[in-house]
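Asks: The lines below spell out each chain.
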Amino acid sequence: MLGKFKEFWRVVRRLSGDDAYERYLQHHAEHHQADTPLSKEAFFKQWQDEKWNGVKRCC
Amino acid sequence: MNNLLKNSIWVLIAGLGAAAVGGIALNRGESINTLWFITAALCIYAIAYRFYAAWIAATVLAVDETRATPAERLDNGRDFVPTNKWIVFGHHFAAIAGPGPLVGPTLAAQFGYLPGTLWILFGAVLGGCVQDMVTLFLSTRRDAKSLGQMARDELGALGGTAALIGTFAIMIILIAVLGLVVVNAMKHSPWATATVSATIPIAMIVGLYMRSFRPGQVLEASALGVILLLLSVMGGGWIDDNPTLRTWFDYEGLTLAWWVMAYGFAAAILPVWLLLAPRDYLSTYVKLGTITLLAVAIIMLQPTVKMPALTQFIDGTGPIFGGKLFPFVFITIACGAISGFHALIASGTTPKLLSNERDIRMIGYGGMLLESFVAIMAMMAATVLDPGVFFAINSPAGVVGKEAVDAVAKISSWGFPVTVDQMQLLASQMGEATLFARTGGAPSLAVGMASIFGSAFGESMLALWYHFAIMFEAIFILTTLDAGTRVGRFMLQDMLGNIWPKLGETSWTPSVVLTSGLVVAGWGYFLYIGVIDPNGGVNILWPLFGIANQMLAAIALCVATGILVKSGKLKYAWVTGLPLTWLVTITSTAAWEKIASDNVRIGFFSAANDLADKLAAGALPPEKAAVAPQLIFNLHLDGWITLFFVTLLWLIVFDMLRVCSRYLAGKPVLPLAESPHSPSRLVEDWVRD
Chain A
5 MLGKFKEFWR
15 VVRRLSGDDA
25 YERYLQHHAE
35 HHQADTPLSK
45 EAFFKQWQDE
55 KWNGVKRCC
Chain B
-13 MNNLLKNSIW
-3 VLIAGLGAAA
7 VGGIALNRGE
17 SINTLWFITA
27 ALCIYAIAYR
37 FYAAWIAATV
47 LAVDETRATP
57 AERLDNGRDF
67 VPTNKWIVFG
77 HHFAAIAGPG
87 PLVGPTLAAQ
97 FGYLPGTLWI
107 LFGAVLGGCV
117 QDMVTLFLST
127 RRDAKSLGQM
137 ARDELGALGG
147 TAALIGTFAI
157 MIILIAVLGL
167 VVVNAMKHSP
177 WATATVSATI
187 PIAMIVGLYM
197 RSFRPGQVLE
207 ASALGVILLL
217 LSVMGGGWID
227 DNPTLRTWFD
237 YEGLTLAWWV
247 MAYGFAAAIL
257 PVWLLLAPRD
267 YLSTYVKLGT
277 ITLLAVAIIM
287 LQPTVKMPAL
297 TQFIDGTGPI
307 FGGKLFPFVF
317 ITIACGAISG
327 FHALIASGTT
337 PKLLSNERDI
347 RMIGYGGMLL
357 ESFVAIMAMM
367 AATVLDPGVF
377 FAINSPAGVV
387 GKEAVDAVAK
397 ISSWGFPVTV
407 DQMQLLASQM
417 GEATLFARTG
427 GAPSLAVGMA
437 SIFGSAFGES
447 MLALWYHFAI
457 MFEAIFILTT
467 LDAGTRVGRF
477 MLQDMLGNIW
487 PKLGETSWTP
497 SVVLTSGLVV
507 AGWGYFLYIG
517 VIDPNGGVNI
527 LWPLFGIANQ
537 MLAAIALCVA
547 TGILVKSGKL
557 KYAWVTGLPL
567 TWLVTITSTA
577 AWEKIASDNV
587 RIGFFSAAND
597 LADKLAAGAL
607 PPEKAAVAPQ
617 LIFNLHLDGW
627 ITLFFVTLLW
637 LIVFDMLRVC
647 SRYLAGKPVL
657 PLAESPHSPS
667 RLVEDWVRD
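Sequence order for the protein chains is A and B. Residue numbers for the first sequence follow the numbering used here, beginning at 5 and rising by one. Residue numbers for the second sequence follow the numbering used here, beginning at -13 and rising by one.
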């Protein structure tokens, strides 16, 4: 039961982008260990601006 | 044995579905329960998904689960990210489901429940879902390229340009008609206006919260926003009760239209994080929550449909919009059956997240099935109302008369009895001054939803439910409005950048202000005319939007059919070719009638001539005579726009046929732009978290 709830919460966080920074850090650790990662604030700014480029919503 | 069991389950589903559809279609004169609709829809969806979609995926498209997707090959941790299929499904569905599938079925209910329901079900499984799935597949095979880019690469410059112009045009008309829906919902309703206005500062608070106060805490900020939105629904009621405060929010349609335009302009130039992004979060949660709630309420309550299967308005005399059942039901319900706009999403963000080609069926086909189900629920919310009430809310004053007594007499004379007292009681229950001639679909949907919610979860809060429903519709209409204005601005900057490169710089303020102003002026013009039109405006704008949206769907299907033929799959080209033929037929017929019909309620030019004659003869009342020249100009303009759309459509159809016949004759054509096969390295149930 608790496992199910945790799984659901994970999906909600993933869908909403709540965990975007954690995923970024993970990606960074895997692929670009050489440079320092962005701070949470700086990352979020970039993430939000990028997400809003192009057709995002429909009728 | 196991196989036998599986087969008999599918036979059972088929039988149940056939019985439910038969029950809906053949029922005459007796009331019918909404459970039949849900059963019919679910059985048809299940069979289509299990057999047709699976066959298309395996045989026609030949999806290859060993092939690396763009998300895997181009993984950059930002926009290209291989993602769990349920997460992609969530993103995709949230992006495709807008206000369209709620408004279209409500308007089309004037023909009765049957035509719209059948079109939503069969249009989706044979057309809309196929379009979404095939476009998603083609874009996935082409590094997640956009529809316009694919049209250019596979068909030629003409196709690409047509897709670009089509997208821009549909955006302008879509925003205008949605703006009109919101304006009509807020007109002389202090409660609705106060609640809808409150959504703007609420979005800003949420934006500031997740940008500065607690950066990146999206869920916290959204939860705060949803609570504030619910409070704003109650706060609106409090304002409505206060005799001084309510006058601050009580406006004519035209004033509200100017406010909506000012808002659209501000939203297009303000930074996204302040207004657009937080508003989108809120609207997504409210939308998903409300749709789920509506489904639960309908299943719990199983209300009875009161609208007849067919009304006399199939002959083209309907009060909400003029025109016969064929082709106008197919134009009125675009989203929910087939929507060209989805092709932009299916060739935009979604393919960048797809981790395996095998999920294309579930996301492309399945996502559209769910949207179709939303349209079915909107149809039910419209048809569970007393037909008399439904027509009283949705018929414009120009058709049934300005006075309540005239309107009820006229509507009752059609065989849909309704009384002034009944409407007055309903309006006071809903916390509104009047519900007569509240065109646009939003108020009647809100009344339908409020009565369903009220019966399921407590009758005493009808007014709250009504305004909650209005807030729910307004919030994502406004999201579409800001997002659309912004996209329109980017497209315009891109086009103007070809003439003067400086204008193409998206961060150069003068260009931002100029292009945003131009886009707002574009849709603002149609919104303005829609508001001053005594026949309600929806009558003109919605068919224009439907034609534009179906034209975009036809462009997507042309690209798909062209690619199927070029891939040597001529024998399967009917999968996209048949829906394409149907779309071209209905769009051309509707456009032809809108241009050439001599019925003044259908033909743009005949309506313009009729109005001009009446104006010249002095037969118009003074307030109508004052706006007549603008209306006449606009009717001509709409006629020319329709002609332009249908010409563009035929150009691209011929271009596709040209490419196909050259290919079949063995002559050179543009090569397939498919990216080369590279094997996937992702393991079976691999999920990135």
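The set of hints was computed from the structure by calculation and includes no laboratory data. The beta carbon of each residue, even a glycine, is placed where N, CA and C say it ideally should be. Possibly wrong hints are sitting among the right ones.
To give an idea of the chain A side of the interface with chain B (calculated C-beta under 10 Å), a few residues [said to hold, decoys possible]: (1) Lys8; (2) Arg17; (3) Asp22; (4) His35.
Below 20 Å or equal to it, Euclidean Cα-Cα: the simulated SDA-like pairs (lysine to any residue) are [as the list claims (entries may be wrong)]: (5) Lys55(A) to Asp39(A); (6) Lys55(A) to Ala602(B); (7) Lys55(A) to Ile300(B); (8) Lys49(A) to Gly63(B); (9) Lys71(B) to Ala33(A); (10) Lys55(A) to Arg200(B); (11) Lys71(B) to Glu11(A); (12) Lys49(A) to Lys71(B).
Asks: Could you tell me which of the hints above the structure violates, numbers in ascending order?
Replies: The structure conflicts with hints 1, 5, 6, 7, 9, 12, although it agrees with all the remaining ones.
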